[in-house]
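Protein chains: 2
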Amino acid sequence: MQLSKPRVVIVGAGFGGLSAAKALKNTDVDVVVIDKNNHHLFQPLLYQVATAALSPGDIAQPIRTELRGYKNVQVILDEVISIDKENSTLELTNGFLDFDYLILAPGNRHSYFGNDEWEKYAPGLKDLNDAIIMREKILKSFEKAERNYKNKEEYKRNTSFVIVGGGPTGVELAGAIAEIARKTILKDFPLIKAKDITVKLVDGADRLLTQYDKSLSEYTKTTLEKMGVEVLLETMVKSVEKDLVITDNGKFESSNIIWAAGNTASPLLETLVTKLDRAGRALVNPDMSIVGYDNIFVIGDASYLIDANGKTVPGIAPAAMQQARYVSDLIVQRKKLNSRKPFKYLDKGSMATIGRAKAIAQVRKLKFKGFIAWVMWGVIHIMFLIDFRNRLKVMTEWLWYYITFKPGASLIFHNETKEKEKVN
Amino acid sequence: MQLSKPRVVIVGAGFGGLSAAKALKNTDVDVVVIDKNNHHLFQPLLYQVATAALSPGDIAQPIRTELRGYKNVQVILDEVISIDKENSTLELTNGFLDFDYLILAPGNRHSYFGNDEWEKYAPGLKDLNDAIIMREKILKSFEKAERNYKNKEEYKRNTSFVIVGGGPTGVELAGAIAEIARKTILKDFPLIKAKDITVKLVDGADRLLTQYDKSLSEYTKTTLEKMGVEVLLETMVKSVEKDLVITDNGKFESSNIIWAAGNTASPLLETLVTKLDRAGRALVNPDMSIVGYDNIFVIGDASYLIDANGKTVPGIAPAAMQQARYVSDLIVQRKKLNSRKPFKYLDKGSMATIGRAKAIAQVRKLKFKGFIAWVMWGVIHIMFLIDFRNRLKVMTEWLWYYITFKPGASLIFHNETKEKEKVN
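Taken in sequence, the protein lines are chains C and L.
Residues are numbered in the numbering used here as their position in the first sequence, beginning at 1, plus a constant of 1151.
Residues are numbered in the numbering used here as their position in the second sequence, beginning at 1, plus a constant of 1151.
I should point out that these hints are in silico values taken from the structure, not numbers from a laboratory.
Incorrect hints may have been included.
Any copy, or any two copies together, can satisfy a pair, since identical chains are not distinguished.
As the list claims (entries may be wrong) - Derived lysine to aspartate or glutamate pairs resembling EDC-like cross-links, with alpha carbons at most 20 Å apart:
hint, residue 1, residue 2
1, Lys1334, Glu1217
2, Lys1295, Glu1217
3, Lys1288, Glu1268
4, Lys1288, Glu1230
5, Lys1288, Glu1392
6, Lys1187, Glu1287
7, Lys1295, Glu1230
8, Lys1338, Glu1217
9, Lys1295, Glu1242
So that you can see chain C by itself, here it is in the shape it has in the complex:
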């Protein structure tokens, strides 16, 4: 009798999950990848879909296509409802699935710090659907402002943007919106004046991009301000209502409130019944496993770890990919808990873009800014786009935009119209 191979179930096909599946290719385990979406998403460029610079298809790739030809890997389109640690079983929406090893890479969502009712007034940006909805909201605002340019209040509200959160996503969105609003989209709306468009970036901290060096935070702020973004630091959001943000620094009316302020790990982790931090991330052992279960691992931004270097591992793609490869090795080598060397994150640097020819990058002590950082950013992001076809498309789009300033993908799929007014 032949024993069957151990089954490794990977939950989530983001950077972590997909890297784990690839690391386990052609090894002596059976792999099942489960994701509720059929595509892997290149999240670092999601803000470009939300701001109509790229199309959804440019930054997403079907998981099956990505793992095509991996004989020991099976892909399932489904959502995991809960995890039964004792019996090594997952409950899915459409059934149950046993595992020998479990790699959880479910990612995170935006968090409203207990004020979930704000979400409908201030949507966040995590998946393609979020990006399409945000893009349509922005485009419809311009349509409304153009249509109602004589109605001061309506015009003002629809040409105002408020972005809550001064991390990389908030900065990238603020920069991109300031740019498209003033340079590209505006050419299509002759009645809207560039000077009327306001973009506010609100954060509670005393600087933007707190995970970077102070000099880069300062550069980012100055650069955004030059681009026309009003940066409001040490400003706490008290409440969000329809078209209104109330802060301890004033009330801001806007039909485009965007939330980029906080993250919380997937609620699936609650069913693990293991220790979580305030952001819902699993507190993992130095080998990424959870306490008491050496066959269950949590990787990527759903886990929290101070690594062997004594530093907090950041919730970014390169860290998730390193963890994926580390955990896959442990599994392939059937390492016992006590013989596992703790995970160590190799910091290859991080970067954020502010606008055209403007970015920042930091590789440990090294700092870069402006055009050189922007070129680095572009090259690295193109390189990491998984598929050659997507690389080609994104490069084409960027080049096209760089030369013509024409918006790339300003499509509204859904339409609904409401108020009655006289058109003049």
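Position chain L relative to chain C; hints supplied.
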């Protein structure tokens, strides 16, 4: 006192509406273009979005971008509810709009011959939303078949396709589905066998593509059959239920029933209170105006006319564009009704694609088929794509697909999961 210029309102920014706006550029009239979508759609390639070969953004272009810099043209994103001929006023969802001249180019939708309840079981294909929904439905079927490959019934239903309607759309969809199902997408679904996939094309007539020469209809049928499509002619659909088509030639189970059988012009035309044909098209005068109103024109596939050559003008893009230019000329020259020369359609030919390297074309008496027709088809469709950027993207996609057979845009944006089953 200066008299204001006459206002020409164009309803719909399809091929007809957009051509009219362009023909009226920089003339002594004010133009308002109204569309409920913010984009012009290159409808002849819509089936390629539905079958995941192209992305929505590849074949759509914002109307504003298209008409950018046209100083006498204004664009409004809105839907026209009704037309008041007497008072020369349109009621929009968001207000009212007066006109001096009205060019109606609202297009058509699929028709279920009075059985509107079939639509939810057998969706049709007219706009980007339809295409995205169809694409997701097809991809989800493959996911289900792969997942339930041991459940014979479920597997069979999800690998069966039934297309109702043997006109160009039905033929193009049948060919494209047979091709993607067997060649591209299947590579991502290792458990589904190519020979299990069935594609049925059902039509009540005794041949496909009745508007073409009989020899081309025959070629189309043979070609589709070689590609694995079962062509069922003289087969009338009696009823459509969930996952079931009942015909006078048998019942067919399928989770992918697609409707390409009939068209009906926009219901807006009913508010015109003028004579319509059975397909809801306005019966227009030889100058495209409606009876009694020499300032209201209906063009494109929303109108019905036997032209000065004694032939029915077909409901295709080139005809709509010719009518648009004809009507614009009448308006610019302020031609009185009795001095208008009747519209004459110049037939430059028509074509349909069946699959890779297979198409048909007919230019009056000239007939083409196979590879040569396919190259003609490709060149002409690329040429007519309005924007250079889109041309570049579509060419890249086609080339990529031609070389790699990799699916282009197999993204599911929305996910919902239902039944519970055991995964093995």
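Outcome of the hint check:
1. Lys1334 with Glu1217: Result: close only across copies, 17 Å inter versus 36 Å intra.
2. Lys1295 with Glu1217: between (41 Å within a copy, 19 Å between copies)
3. Lys1288 with Glu1268: within (18 Å within a copy, 32 Å between copies)
4. Lys1288 with Glu1230: between (28 Å within a copy, 18 Å between copies)
5. Lys1288 with Glu1392: within (16 Å within a copy, 36 Å between copies)
6. Lys1187 with Glu1287: between (23 Å within a copy, 14 Å between copies)
7. Lys1295 with Glu1230: between (38 Å within a copy, 14 Å between copies)
8. Lys1338 with Glu1217: The answer is between: 11 Å across copies meets 20 Å, while 39 Å in one copy does not.
9. Lys1295 with Glu1242: Classified as between; 18 Å across copies, 46 Å inside a copy.
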